[in-house]
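Trainee: Could you put the whole structure together from the sequences, leaning on the hints where they help?
Chain by chain, the residues run as shown.
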Amino acid sequence: MADCFDVIIVGSGPAGVSAAFPLVEAGLRVLMVDGGKKATLKSPSRPYLSTRFEDEEQWKWMVGESFHALQKINAVSPKLRAPTHAYVFDDFIAQNKIKAKNFVAVGSLAEGGLSNAWGCGVARLSTDELADYPFPESEIAKSYETVTRRIGISGANDDDLSDYFGLDVWSQPPISMDVLHQRMFDQYASHKQELTSLGFRMGRSRVAALSRDIDERKACDNSGNCLWGCRNKALYSAIDDLPSLMKHKNFFHKSGFIVDRVVKNNEDLAIEGHDAHEYMTFRARKILLAAGTLATTGLALRALKYESSVRLQSCPTAAFLLWQPRMLGAARVDSFSLGQLSFSLKFPGDITAFGSTFSTLGIPMSEFIRHMPMSKRYSADLLRHLLSSCLVGNLFFPGNLSTTEITVNADGEMNIIGGYSSSVSGLMSDAACRLRKSYWKLGALLMPMSFTQGLPGGDIHYSSTLPMQHDPMLGQTDGNGELAGLAGVHVVDGACLSALSEKSHTLTIMANADRIGKILAKKIKGIN
Amino acid sequence: MKILITGASGYVGSQLVKINAIKKNHQIVLASRHRHDGVQQWVHFDLNNVSSCTVPESIEVIIHLAVDTSGNDEVRRHEVDAAKALIDEARKIGAKFLFASSQTAREDAPTNYGRTKWRIEQEVLAANGLVVRLGQVYGGPERGLFGTLTSFMQRLPVLPAFIPSPKVQPIHVDDCAEGLLKLVDHKSIKSGVYCLASPEPISFTQFLRSIAISRVRRRKFFVPVPAFLVKFTTGIISKKISTRLGLNRLNSLFDLPLMNTVADLEIVGLTLRPLSAGMHKSGNDRRCRLIQEGVALLTYILKEKPNSNLVRHYVRMAEKLRTGTALDIPVWMIRWPITLTLLDDRANTSLWQREEFAWRIDAATVIAEASRQGAARFLGSTKTMCPLTALFRMAVAVSSEIAWRLMRLVIPSSFLGLSKKKSL
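Residue numbers (this note's numbering), protein chains in the order written: chain L, 1 to 528; chain H, 1001 to 1424.
Rather than coming from a laboratory, the hints here were simulated on the basis of the structure.
All values reported here derive from a predicted model rather than from experimental measurement.
Take the hints with a grain of salt, since some may be wrong.
Stated by the list, open to error - In the SDA-like style, the derived pairs of lysine to any residue whose C-alpha atoms are separated by at most 20 Å in a straight line are:
{"id": "1", "chain 1": "H", "residue 1": "K1383", "chain 2": "L", "residue 2": "K60"}
{"id": "2", "chain 1": "L", "residue 1": "K60", "chain 2": "H", "residue 2": "A1376"}
{"id": "3", "chain 1": "L", "residue 1": "K60", "chain 2": "H", "residue 2": "N1307"}
{"id": "4", "chain 1": "L", "residue 1": "K441", "chain 2": "L", "residue 2": "G426"}
{"id": "5", "chain 1": "L", "residue 1": "K60", "chain 2": "H", "residue 2": "L1379"}
{"id": "6", "chain 1": "L", "residue 1": "K72", "chain 2": "H", "residue 2": "E1319"}
{"id": "7", "chain 1": "L", "residue 1": "K72", "chain 2": "H", "residue 2": "W1359"}
{"id": "8", "chain 1": "L", "residue 1": "K60", "chain 2": "H", "residue 2": "E1355"}
{"id": "9", "chain 1": "H", "residue 1": "K1320", "chain 2": "L", "residue 2": "E65"}
{"id": "10", "chain 1": "L", "residue 1": "K72", "chain 2": "H", "residue 2": "A1358"}
{"id": "11", "chain 1": "H", "residue 1": "K1383", "chain 2": "L", "residue 2": "W323"}
{"id": "12", "chain 1": "H", "residue 1": "K1383", "chain 2": "L", "residue 2": "R183"}
{"id": "13", "chain 1": "H", "residue 1": "K1383", "chain 2": "L", "residue 2": "V333"}
{"id": "14", "chain 1": "L", "residue 1": "K60", "chain 2": "H", "residue 2": "K1320"}
{"id": "15", "chain 1": "L", "residue 1": "K72", "chain 2": "H", "residue 2": "R1322"}
{"id": "16", "chain 1": "L", "residue 1": "K72", "chain 2": "H", "residue 2": "E1355"}
{"id": "17", "chain 1": "H", "residue 1": "K1320", "chain 2": "L", "residue 2": "R183"}
{"id": "18", "chain 1": "H", "residue 1": "K1383", "chain 2": "L", "residue 2": "D430"}
{"id": "19", "chain 1": "L", "residue 1": "K60", "chain 2": "H", "residue 2": "D1088"}
What the hints assert, rightly or not - Now the stretches of chain L that chain H is said to cover, found in silico as 3 or more residues with beta-carbon under 8 Å:
{"id": "20", "stretch": "59 to 66"}
{"id": "21", "stretch": "358 to 371"}
Claimed, not checked - Partial list, computed: chain L residues near chain H (C-beta under 8 Å):
{"id": "22", "residue": "P47"}
{"id": "23", "residue": "K72"}
{"id": "24", "residue": "R150"}
{"id": "25", "residue": "G329"}
{"id": "26", "residue": "R377"}
{"id": "27", "residue": "Y378"}
{"id": "28", "residue": "H385"}
{"id": "29", "residue": "L386"}
{"id": "30", "residue": "L387"}
{"id": "31", "residue": "M473"}
{"id": "32", "residue": "L474"}
All C-beta atoms, glycine included, are put in the ideal place defined by N, C-alpha and C.
Mentor: As structure tokens, this is what we get:
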């Protein structure tokens, strides 16, 4: 590795790799650094049910040799408890000196970042939603296509959410549904009219999971191991993009490097940090921050010596359980365990919520038992017959309803205080009511007491701490993600989104990173 | 401090040396007939030949444990003389004197052993020394009367249950050693008689049963034997035979005065382990109780005996993530795990033990599920089931829950245990 790079990218998650491709392909010398955490446990090698019924060693990936699942028993999501994903979240909070109050703070030091454990939800922002952004829609449209084609998306279907997702032209057909979802979708076809009046629309989920092979990655075979790790690599993870980047001689990857700070002396930009052995400095003409919203915000505010608070957007979220009485006694069958059907829910005042429903199979039953208002023994008796006819659902509201604030003090510690705007609780009960009515028409009962609002940050859709603006002030970024007050440092991950809609935001982060990467490639080449 | 110990190779003495070696508190000088291999500091001392004993001036405390249990009158006289000689030595060099006596010590004790102890006690007290009366010593290596009883039990298929049963006050041999060392360290202790034993006497039969269950690990049958028969037999057979059979010592059991030990234990600062804990080979049943708890909780969740792997995971979990000790779940709940339903009520988690129980039952659920056994219990069928059957089974589950809830209303909470505060 030589002394000065054209570009340093901090982070190898979805944003980092998406920004890297155009820069590397333009021939620029690019250094990518990341925390270097890697998977230590193998994904289950056989479908979920046969592993569960036959594998003596299943506790290693379900509980973990050091009882990871129990150590994290208070974590908000089963994913944070899965031992196979422990490395993804490991040590992030400590390394970034984060103190969170009333907020679920999560991040990653892993190669590939949080995309090693994501829900794979994808969507494209509409013209209206892009109105908040300081660049023309045409600039990002091409990037949506580039990224979608690279990572592989399934779910293309002529349904009521085709326009909402806006991705079908570049997508693969959907992965097959299980019988419960199939029945519900059939019901929807015949009750559409009544449901539209409730603001409820339904369609297949669009997910970054393959229904057709792409190179090394194989199509989903309904193994049901989505939560534990897919042996087919059908689910996109940014780590799968690293090999293609490494093929380029002008791409350098420094794994296991934690960036402590970004420094600027005169026109000289550098990152300082450490690996397991020593303290190091790398210099570059441009620095791209793609460490994930929380880490990036920390690095940027520290570099700016900005000690006032900034606002973080995240989607108010809730989860619920649906029961289809007509499906009682259904057999347990392995199936895709990420979103199968999605819905959008319109509220008066131009607010839309979004959510998906999932099979209950891949999720450990103890996750449900823990929340039952019954003794464990009889909860298990009840649920073993009930859960095969149940689905779980989630719900997201737009990020501008959150009031979470972040401050970084002089010692570099990050304090996060989570909160929702006062209208959220009303919207939540309205949503519960509308969903109950809607799903009832689809033959499903929204289980009483099951609708649970999540803690702020529980969605892990963090964004907009350093939003892109036409005329950015200190602590904001311009249309190219360049930090006001720190020329040459660009924010390319969730932190720079101008606004956060209710839709899954990862694809937009990636498209935006690709867009900025392309612009910077042109600029730097132009100077050369 | 430098301590001289007589009888250091005996039951209590050897444990005392062992415990002191671990704590590395004091330097110990052994006083015995022969020098043992590897012993650094040694003084010649013979119970039967007192003239040969000289205690080095550097000694600050003498602990006199040596005893001859053969019961010979001649030996008894020597024992008193030997004690007197040692007390004189102690007085000469200004050392503290501790004498291990017995619950049987009394002027009019039925055995020679008890009377000898009493006579020595008088000498010790006259010289401002400390007398420590020990209860029924048990645990650790199978020696002393405890060793005799254990080896009898290994050989005999049936055991006597004396009627009326004598009462004994047990004390673990390590607790004895601990108590003696505490007395050594005690700065302001006054001369007098200190009784170390469990404050609650238990019947001798109960004591034997505890050895049978925890040590010999066999269920034994107890045959009632009238106590007067033992006295009668001791009276008619020769002393030699009765000593060999241990009848002599047995006989002394029938005439034990009750010791009030609460105040003395407090002065010495000694907490005794319960009999159930001390009877285990390790002297500690912590792990054993944790295993029982694991089996009970996992059985409660799984509705069948858990695979040993699961129990192992549970125990390791409790040791790694929690306190590593079992909760005070009532014995009947451990035996009939279904009754744990009474405790499995999250509404009542204000007490630490209840809260901890709720945590452990969650943990047991997670551990139980991650197994083949758990898959069969939790996942339900991979074949379609008749909806009515499913509905019926769900109804059974709900009605069982309701039934247990009604029971919870009736049963007073104090009956369910888990009310202790967190002990650190």
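Trainee: Evaluate each hint against the coordinates.
Mentor: Comparing the hints with the structure gives:
1. H:K1383 with L:K60: 27 Å, violated
2. L:K60 with H:A1376: Since the Cα atoms of K60 of chain L and A1376 of chain H sit roughly 18 Å apart, the hinted pair holds (cutoff 20 Å).
3. L:K60 with H:N1307: Given that 20 Å is the threshold and the Cα spacing comes to 16 Å, the pair holds.
4. L:K441 with L:G426: 23 Å, violated
5. L:K60 with H:L1379: Holds, at roughly 18 Å.
6. L:K72 with H:E1319: 17 Å, holds
7. L:K72 with H:W1359: 12 Å, holds
8. L:K60 with H:E1355: 27 Å, violated
9. H:K1320 with L:E65: This hinted pair holds, its Cα atoms lying about 11 Å apart.
10. L:K72 with H:A1358: This hinted pair holds, its Cα atoms lying about 16 Å apart.
11. H:K1383 with L:W323: Given that 20 Å is the threshold and the Cα spacing comes to 19 Å, the pair holds.
12. H:K1383 with L:R183: 18 Å, holds
13. H:K1383 with L:V333: Between K1383 of chain H and V333 of chain L the Cα gap is close to 9 Å, so the pair holds against 20 Å.
14. L:K60 with H:K1320: 16 Å, holds
15. L:K72 with H:R1322: 14 Å, holds
16. L:K72 with H:E1355: 17 Å, holds
17. H:K1320 with L:R183: 46 Å, violated
18. H:K1383 with L:D430: 38 Å, violated
19. L:K60 with H:D1088: Answer violated: K60 of chain L to D1088 of chain H is near 68 Å, above 20 Å.
20. 59 to 66: Our answer is that it holds, as 4 residues pass the Cβ test (under 8 Å) against chain H, meeting three.
21. 358 to 371: Contact hint for the stretch 358 to 371 of chain L vs chain H: holds, 5 residues under 8 Å.
22. P47: Violated. Min distance 11 Å.
23. K72: 11 Å, violated
24. R150: 36 Å, violated
25. G329: 4 Å, holds
26. R377: 6 Å, holds
27. Y378: Since the shortest Cβ distance to chain H is 4 Å, the answer is holds.
28. H385: Check passed: Cβ of H385 of chain L comes within 4 Å of chain H, closer than 8 Å.
29. L386: 6 Å, holds
30. L387: L387 of chain L check passes; min Cβ-Cβ to chain H is 7 Å, inside 8 Å.
31. M473: With a closest approach of 48 Å, the M473 of chain L hint is violated.
32. L474: 46 Å, violated
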